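Spelled out from the first residue to the last, the chains are:
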Amino acid sequence: MKIKSFHGGVHPFEGKEFTEKKKIEILPLPGTVSIPLAQHIGAPTNPIVEKGQEVKAGEKLAEANGYISVPVHASISGKVKGIEDIDHPVAGRGKAVTIVAGESEEWIDTIREDKNYFDLSVDEMRNRIREAGLAGMGGATFPTHVKLSPPPDKKIDTAILNGVECEPYLTADHRLMLEYPEDILNGFRLIMKILGVQRGIIGIENNKRDAVEVMRQYINNSNNIKIAVFPVKYPQGAEKQLIKATLNREVPSGGLPMDIGVVVQNVGTAKAVYDAVAHRRPLTHRVLTVTGSGIREPKNVLAPIGTPFQDIVDFCGGLTEKASKIIMGGPMMGISQPHLKVPVVKGTSGILILEEKESHLRPEEPCINCGRCVLVCPSHLLPTTLQMLVYNERIEEAEDLHIMDCIECGSCSYICPANRYLVQTIRHGKRQVIQARKKAS
Amino acid sequence: MSLITEAVKGIYKENPVFRLALGLCPVLAVSTSIINAIGMGAATTFVLLSSNTIVSLLILLFGKILSEEGQKSINKIRIPMFIVVIASFVTIVEMVMAAYFPELSESLGIFIPLIVVNCIILGRAEGFASKNPLLPSIADAIGMGIGFTLALTAIAFIRELLGSGALLGFNIMGGEFKPVLLFILPPGAFLVIGIYMGFLNWLDERKKRSS
Amino acid sequence: MEYSIFQIIILSIFVNNFVLARFLGLCPYMGVSKQLDSAIGMGMAVTFVMTIASLVTWLLYTFFLAPTYENVFYSLFNLPIQDVPDLTFLRTIVFILVIASLVQFIEMYIQKVSPTLYRALGIYLPLITTNCAILGVAVLNIDLFFIDGLPAESSFIHTIVQAFSAGLGFTLVLVLMAGIRERLEMIGIPKPLRGLPIAFIVAGLMSIAFLGFSGMNIG
Amino acid sequence: MSNIVRLGIVLAIVTLIAAFVLAEIYSVTKPRIEIQKKAKEREALDYVLPNAKVLEPVSKKIPIVNDEGDTLYQKEVVEYYRAYEKEDSTGLIGYAFKAEGAGYSSIIETMVGFDTWGDITRIKIISQKETPGLGALAENSEPFEGKKWSTQQFRDKSVEDLKVDKDGGEIVSITGATITSRAITNSIRTEMKDLLNRIEFSPKDQTKEN
Amino acid sequence: MNETADKLFISTSSPHLRDTDSINKIMWTVNVALIPALIMAYYFFGTRALWITLLAVVAAVATEALVHRVAGKSIRIHDGSAVITGILLAFNLPASAPWWMPIVGSVFAIVIVKELFGGLGNNILNPALAARAFLLASWPVEMTASWVSPREGTLSGISAITSATPLSLLKDSAEIIANPQNYEPGRVQQAQEAIANLSSSYSNLLIGNVGGCIGETSVIALLIGALFMFYRHVLTWQIPFTYIGTVALLAWIFGGSEGLFTGNWIFHILSGGLILGAFYMATDMVTSPLNSRGQIIFGVGCGILTVAIRLWGGYPEGVSYSIILMNLAVPLIDRYTVPSVFGEVNKK
Ligand SMILES: Cc1cc2nc3c(=O)[nH]c(=O)nc-3n(C[C@H](O)[C@H](O)[C@H](O)COP(=O)(O)O)c2cc1C
Ligand SMILES: Cc1cc2nc3c(=O)[nH]c(=O)nc-3n(C[C@H](O)[C@H](O)[C@H](O)COP(=O)(O)O)c2cc1C
Ligand SMILES: Cc1cc2nc3c(=O)[nH]c(=O)nc-3n(C[C@H](O)[C@H](O)[C@H](O)COP(=O)(O)O)c2cc1C
Ligand SMILES: Cc1cc2nc3c(=O)[nH]c(=O)nc-3n(C[C@H](O)[C@H](O)[C@H](O)CO)c2cc1C
Ligand code: SF4
Ligand code: SF4
Ligand code: SF4
Ligand code: SF4
Ligand code: FES
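Chains as they are written, first to last, in our numbering: chain W, 18 to 458; chain B, 63 to 273; chain R, 28 to 246; chain Y, 3 to 212; chain F, 3 to 350.
Rather than coming from a laboratory, the hints here were simulated on the basis of the structure.
There may be inaccurate statements among the hints.
Said to hold, decoys possible - Below, in silico cross-link-like pairs of lysine-lysine (BS3-like), each with a Cα-Cα straight-line distance of 25 Å or less:
(1) F:K9 with W:K374
(2) W:K96 with W:K172
(3) B:K240 with Y:K149
Note that the structure is predicted; figures quoted are calculated from it, not measured.
I would like the entire structure built from these sequences, with the hints used as guidance.
If you want it as structure tokens, here you go:
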């Protein structure tokens, strides 16, 4: 297959060597977990448990609220301590169900292997996916069943499995591919079946040759799945850039992948799809990478959703003295956290801990018009111009220059020699555009 | 407002050049030497004074001899009439200057006929003289004329001093001084007026801040 | 000595640029250069009016005002040449009236014939009456292309070419200025300099850059 | 009578009054303006040929032709002047002419006088718009000391001598303004050569007295 | 380990990783890249070249510090941009320039061209070049009248005019050949020889053994610096290569005295300030277009103007004017070369 790359992108320090050779370890049962009611894009869920109620692991805690919404489940067994506001790693604050672990671990009894799972009806598959609470694990946490139900007028011809993991430091998807290749492939086949597509492509970056080999072994006898290997470049894993590089198709500005017949799913999502359809296992745990110069023993960890970061950090030998910044996710798009009490959520791909000298934002210097931000922008925008327009509150002109097409990958801010706060300002500008649009309608 | 304040406002507060940015072309073009600046300033002041006077008188006359309705309809040809008045005075200046000050006339060149379109003049005729009695109109014209001349001279001062090392033709910077030709070339005019304007703004701001 | 048409074009656009070297049309140059769109509109309007005005004033001057051999009193009424009245002293009055009414007329005409063009140029036309570049080019044509009151060779063609290229030169620097000022809007110019002062300094620098054309292609 | 016409008439009357006034003033100033214009040329002529009492213009007629090729009229152009020593136009002592050359940023006009030997008496720059402080120094007419450009250096030069130093001649050029110097020198040489041929000039057969 | 539970960590928005390049690194890279040319200037023009450079740099840096101080900004002279301005200004002066000239030029560059617009990053014209144009217009005699001849330098074997710059020699010779009637026959012959011998001067042009401004003559030294800048990713190819390519093409087409397509384009590339201009001055990011399409237009524009001025203009050299003229057009170029956004082509 002829592989084209996309225009733009950067090559940050990779930092994967801390954890790429480390097997996924299972976190010892935490004492308490706080499971937020909102962990996906869409309406938050309605809780169906009460304070003081005993729950089993895997039991549904809250019901989906509408179509673009998925339920959440208990990740450990124990007693519901309360449903109250806590610090949320993405949303700032949000309601969560707090469970105090019981004496022993008890799981619900519906989790069973279903030998003939592949023969289920497509609707049943979607139903199981939804009931299992699946939201995309690649970061955006969009409800998976919605993505797998394209409207009839959108003909989907290709499914892409996103194993790129272009964020520096993170290795969770990498380990997943090495340790659960069969589950992932089965999940991918299910996705292809649900979408009714004949062609599946697994995209992997060139710094994960071992994963490429393993995946290749497992697909060797199916000719409708291929692997595409990409040069290491951030943000290769971003959906639009991945599609461009794989199929040389461009998602229209303001459109969705399904407009050009493609659906992209993360490898973690694929494994979760397999678990949900074949085992009726709800999404209660996820793999995350704990890494960075500020942690003593970097690891890949399988942790129950809702586990406070503190427990995970302790499991990894604790922080070093110099640790001064906690990031949920990778260094390019991750969100910094003020403390370690926040819980793991469905979209937590890693916890990155940086030292003092890496943590500070350098002061903004004058833009010298060097054009590097323009060169790296994968959306072909003019970040410095957009920033100037937002600074001068000329939002309409920013909109004309497609500020809404920014995927917030941060490449521009990364590369800027003047430390301009580009993506930061652009995000602010996007919010203003949305407000203006709301006001207009 | 007294006649004095009427005349004084044109010099600093409403200086036609630095504040109102009117009639820029002659300011830049003829400010290469103080002599030219004063000549241009005098010519402009003369036209300004004469046209303000005549316009004010005309309006007075129409008010006396015409009915309400007649005044209204005459109003429609007000502007062309003013232009004719102004153009006549400009032509007078042009001819007199060519006859008695040929050198000045040559160095001011086409900027003499262009006094016609200097918006200070039509602006004052239309904006002031046509609405005010005779004496304030004259005071206004004198003030604006002096303001214009002073601004022109201020610019010419710098340009002549730095650009040719002389003032009024007398070499005053000494033999060692190598004149900065740029200042008598066109770019010098733009730079000097820009910096003057910035300086005045800065003065204003400082005054505002201290008060 | 006379210039060729090509030389007139190069000279009027670059070497003796109307705004930067001859200091004509500064009011619109400073006043209408804040935005690119209006700069383009103004540039087109000025070029257009300049050309028409030069044409009309040349005809008037040659056939009515100056005691030329084309003067109507000579060519139509067969007055002896020395009796043809010398009305050149009416030049300023006639030109300005002609330009003022011409602008009115052009405005009405365009409005009727091409509403789109009117929408593009309409608002700039009235501003042009008191723009000294129009009268300037008309007077300059007389100064340059008449020798001792008689039209020099090809003076009509040269007049038109000079007026049109002067308009182009005006448009060029106006549009450059507008581009620069739009950029200056967004950056941190020291406060006392914002607006006109910095625009003048830009004009000064622009004029320095245009010195690069000086001495070009004369003779 | 419609209002517009009435207003038009009013305006016309105003304009006519203005024109009338101007015509009066013009009739007063016109002679002076003419004198001023002539004075300049006259002054230049007197300067370049200081001993002349009478300067007689020699004109030629240039036919002005229309598109069909008919001659419309003859245009009179002064070609050169003859200078006479005596009031009664006798005693030819020299000639004067105007040379034009393209300099750095303008066309430079020079009045040139030469004697019956074909040697230049004096020159005067009549008009130029060269760079002030540079090309404009061409007007300098201080006594010539052999180092710095002065119009005085043209005295007693003959056509053959007219070349600037950079081109291997004797004329000291203006520092940093060779273009201007060249324009003046070359324009004088070309036109003078041309003129000498046309008037079939030959140096008088007598020794020159100083 | 529980004390960390209550500790507040640093919060900033993403990205949390930054490239290590900075303005300071970029600017100092350029300064280092200019050193070989400075050494060659010292070799050919003597210590005077060093003094002029030093004066220009000190004046530029001191002025910048002073302006920042007066304006109440934090002084940021360490970024090295004023040093570049100083060096490049000096490189654009003849070694014979009087001592006050680099100082006046630097003050003009920093105050009028740079700081009045708000300082680094905001100026619209290249400060060093605008200052050079200012000096040239103000003191044309001092700027052009006497060229220091390099050590034992000869050009085309005509020793009488060794101190002329290669381009002024070319221009004068072309003028002589075009109007032979105005010159002594000997001069005409000399001029013809000079033109015929241009190619024999290539090696002198390469190492810089010719008359000219302090920093412009040594092509080799300038190219070494340029390679270093490419290596440090300070340069992209667009501006320098389109610029030089355009000059070569147009000089070849129009630059010959025997009709079209006879011009000596190699000579045009190697002489004058083209190499200095194309690699060090047209590439100043502040005053050149943002994205590569714009940069190509910019480079081509500079090339056209340079050749036009060299061949038909009043100056023998057109590099500096062409660059500042194109600087003026940068906002327009930027405006009309906005890249089409990802996905726009496919929009129905
Ligand atoms: C800048 C950027 C980089 C991304 N990189 C990756 C990546 O490396 N791997 C990945 O699975 N998803 C990545 N994503 C998310 C994908 O665009 C897409 O949402 C995801 O693959 C969809 O799968 P999911 O719904 O299963 O999560 C990235 C998104 C952005 C905006
Ligand atoms: C508001 C919104 C609506 C979406 N609607 C759909 C949809 O109807 N169908 C679908 O397949 N994906 C839908 N998506 C998912 C996107 O295609 C994409 O997979 C998701 O935003 C995650 O991509 P990312 O991680 O690259 O940002 C939607 C996403 C958002 C934010
Ligand atoms: C602003 C400016 C104005 C100039 N004006 C003239 C001028 O009026 N006459 C002239 O001969 N050279 C003028 N020059 C200089 C020419 O461009 C050229 O450098 C000079 O003629 C070189 O000739 P040289 O051989 O005398 O040094 C001017 C240069 C500049 C920068
Ligand atoms: C590649 C490069 C080239 C530069 N060229 C110049 C130059 O020609 N002149 C100058 O004054 N500064 C130059 N600078 C320095 C700096 O960008 C310049 O002073 C800014 O224009 C000041 O805002 C250059 C910087 C870089 C990185
Ligand atoms: S979410 Fe971030 S790290 Fe994960 S794969 Fe995407 S970009 Fe790469
Ligand atoms: S503008 Fe947006 S899309 Fe472009 S590089 Fe910056 S963050 Fe990424
Ligand atoms: S990368 Fe930074 S300095 Fe360069 S153009 Fe973009 S914002 Fe400006
Ligand atoms: S002439 Fe027009 S543009 Fe100029 S100042 Fe007056 S109103 Fe403004
Ligand atoms: S346009 Fe020239 S004075 Fe206004």
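Verification of the hints:
no.: 1; hint: F:K9 with W:K374; verdict: holds, 17 Å
no.: 2; hint: W:K96 with W:K172; verdict: violated, 47 Å
no.: 3; hint: B:K240 with Y:K149; verdict: holds, 19 Å
Going down the numbered hints, you'll see the structure goes against just number 2.
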